[in-house]
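Enquirer: Chain by chain, the residues run as shown.
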Amino acid sequence: MKEQDPVVFVIDDDRMVREGLQSLIKSIGLRVETFASAQDFLLVKHPDAPACLVLDVRMPGLSGLDLQLKLAEAEIHIPIIFITGHGDIPMSVRAMKEGAHEFLTKPVRGQDLLDAIQKAIASDRGLRKERHELNEIRSRFDTLTPREKEVLDLVVAGLLNKQIADQLGMSELTVKTHRAHVMEKTNAESLAHLVRMAERLKNSARKSGPVSS
Amino acid sequence: MPNSSSPPTKLQVLASYGLAIVLVSVALFVSLALQYSLGNPFWFFFSAAVILSTWFGRMGAGWLAVVYSTLAVMYYFTPPFHSFAVSASELPLFLAFVVCEVGMTQLISWRKRTEDTLRRSRDELEARVAERTAELRNANDTLLQKMAEQKRTEEALQVTRTELARVARITTIGELTASIAHEVNQPLAAVVANADACVAWLAREHPDLVEARAAAERVTQGATRASEVIARIRSLITKATPEKSRLQINQVIEQTAALAAGQASRNEVAIKLELAPELPSVLGDSIQLQQVIVNLLMNGIEAMSGVTDRPRTLRVRSESQKNGQIRVSVQDSGIGLSADVMGHLFEPFFTTRQKGMGMGLPISRSIVEAHGGKLWAESNGSGGAIFQFTLPSGDGPAA
Chain A
1241 MKEQDPVVFV IDDDRMVREG LQSLIKSIGL RVETFASAQD FLLVKHPDAP ACLVLDVRMP
1301 GLSGLDLQLK LAEAEIHIPI IFITGHGDIP MSVRAMKEGA HEFLTKPVRG QDLLDAIQKA
1361 IASDRGLRKE RHELNEIRSR FDTLTPREKE VLDLVVAGLL NKQIADQLGM SELTVKTHRA
1421 HVMEKTNAES LAHLVRMAER LKNSARKSGP VSS
Chain B
39 MPNSSSPPTK LQVLASYGLA IVLVSVALFV SLALQYSLGN PFWFFFSAAV ILSTWFGRMG
99 AGWLAVVYST LAVMYYFTPP FHSFAVSASE LPLFLAFVVC EVGMTQLISW RKRTEDTLRR
159 SRDELEARVA ERTAELRNAN DTLLQKMAEQ KRTEEALQVT RTELARVARI TTIGELTASI
219 AHEVNQPLAA VVANADACVA WLAREHPDLV EARAAAERVT QGATRASEVI ARIRSLITKA
279 TPEKSRLQIN QVIEQTAALA AGQASRNEVA IKLELAPELP SVLGDSIQLQ QVIVNLLMNG
339 IEAMSGVTDR PRTLRVRSES QKNGQIRVSV QDSGIGLSAD VMGHLFEPFF TTRQKGMGMG
399 LPISRSIVEA HGGKLWAESN GSGGAIFQFT LPSGDGPAA
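Quick note, the sequences are listed as chains A and B, same order. Every position in the first sequence, counted from 1, becomes a number in our numbering once 1240 is added. Every position in the second sequence, counted from 1, becomes a number in our numbering once 38 is added.
Heads up, a few of these hints could be off.
[To be verified] Across the chosen pairs, the derived CB separations fall in these ranges:
#, chain 1, residue 1, chain 2, residue 2, range
1, B, Val237, A, Gln1244, 21 to 31 Å
2, A, Leu1282, B, Glu281, 39 to 49 Å
3, B, Ala308, A, Glu1338, 15 to 25 Å
4, B, Met380, A, Glu1338, 21 to 31 Å
5, B, Asp246, A, Lys1389, 41 to 51 Å
6, B, Glu292, A, Leu1283, 23 to 33 Å
7, A, Ala1276, B, Val197, 21 to 31 Å
8, A, Ala1276, B, Ile373, 25 to 35 Å
9, A, Lys1310, B, Glu193, 57 to 67 Å
10, A, Glu1338, B, Thr346, 17 to 27 Å
11, B, Leu202, A, Leu1282, 44 to 54 Å
12, A, Arg1380, B, Asp246, 42 to 52 Å
No lab work stands behind these hints: they were computed from the structure. All figures in this text were calculated on a predicted structure; none of them were measured in a lab. Note that the Cβ used here is the ideal one computed from N, Cα and C, for glycine as well.
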């Protein structure tokens, strides 16, 4: 996959702050897009690139925290760096609980913000990579027939071919054939690899639904 | 003749009788002298003596002169001469003389009495006028004193009122602290971000001077804005005496809304300004008018704190009215005003807020009224309340 340049979204209702942050972030060579309100941000289609959101907590209309919830509902995964005018502890706790990447107080030291942005983008890049891999694994696993899936589940559960054959009421040879197909279709290099991939799929299914961005 | 109004003293009476005798004697002497030289009786001098005696003496002197001259005429000038008898032929003339003398005395003394009465009336009048004048002067002095006293009281009241308004302002500012901190912090955040950006652009291998300069300019703007906020707050706190000047109400509204913006956004309230363009100016004290508007905004924000089922919107409108007045209204989408609350809204120390002092609306009303306007509240048809005030406009649009 060819990765696009990372983007930083800045949402602040204050023009001067917005322009300052934009200039600051641009100065280290990052792409910046600014928005005067959370609503404006929601109206725009976002590029498929590693990104992070620099968000003022307090804004008229949709607040920063509201936007965080809306993005979570829409399953748009962008790390959020909150900026708040004053260290409001309940607010920051709430934001961090909802998965905020960082919580900085205004006025933000430039270097702190840039560090946070770099970390957020790196993290997003990692998450995107993971999501991408998961998608690949899932699409490979989706090619399995129902019979092969049954065999896979029992293999992953640690059963021997003979036990699987008994349980599914088939010959050991048939189990071996299915098992070979599973290994081939999922690109598994070893039994251990297959188990790891199956575990990752299971974990991601528990955490969230199919990934999109 | 002085003292004519008071009864004559004995000496004056004697003097007037003396005068009568002297005058008649002079008349007698002159008449005798003329009779010897001219041969004719010449009685007219007696008339003059009687007139003068009556005029300068009184009735008594007049009568004395009449009797004395009658006797003198009988004795010296009516035949038989040198006797008090009067011959029959001379009798008519003599009687005519006596009648004339008596008539003259009466006439003159009547004239004299009238004149005296007039003079007395005039003197009395003058005295009364003087008396009334003195009374009026006294009354005037008392009035002036009272007025000065009242003015002092009013001044003291004005000072108290101004001080109360200032205290209320400071209280409001206390409530607005978070909002004001945000107001100051915001430009400071811009300053820091832009300064960092400026440094970053300069620190690049090939410094980008255009970007650095733009950032530096924004630093200046931000710092200016911060200092303006501080100046605005300081003027709200320190200024004690109201100063009226011609101002644009829209500007006052915008400045005030900026002060309350933080408070609004913290309470998830959107302030919407619907300001009529090109309004005539008003003559007023901008600090006091800001105070009124801040009060209305804070009340509106507070009134919507319980609203969860609809947007919390605070509409601030300004418009020009047909009667030349300017109307400013603040409309919230809160719970509205019950009839009970409505009745007490403008009473001092009436409040529905936990931390409220209950002075905001009474002070606001007194400020608006001191500007020649009115402040009142209405229930909004679609829920919420409208507070509005009018101000008389200045002499047409300011330059």
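Enquirer: Each hint should be assessed against the structure and marked as holding or not.
Expert: Going through the hints against the structure:
| no. | hint | verdict |
| --- | --- | --- |
| 1 | Val237(B) x Gln1244(A): 21 to 31 Å | holds (29 Å) |
| 2 | Leu1282(A) x Glu281(B): 39 to 49 Å | holds (48 Å) |
| 3 | Ala308(B) x Glu1338(A): 15 to 25 Å | holds (23 Å) |
| 4 | Met380(B) x Glu1338(A): 21 to 31 Å | violated (43 Å) |
| 5 | Asp246(B) x Lys1389(A): 41 to 51 Å | violated (58 Å) |
| 6 | Glu292(B) x Leu1283(A): 23 to 33 Å | holds (27 Å) |
| 7 | Ala1276(A) x Val197(B): 21 to 31 Å | violated (46 Å) |
| 8 | Ala1276(A) x Ile373(B): 25 to 35 Å | holds (31 Å) |
| 9 | Lys1310(A) x Glu193(B): 57 to 67 Å | holds (60 Å) |
| 10 | Glu1338(A) x Thr346(B): 17 to 27 Å | holds (20 Å) |
| 11 | Leu202(B) x Leu1282(A): 44 to 54 Å | holds (48 Å) |
| 12 | Arg1380(A) x Asp246(B): 42 to 52 Å | holds (48 Å) |
This entry does not satisfy hints 4, 5, 7, going by the numbered hints stated previously.
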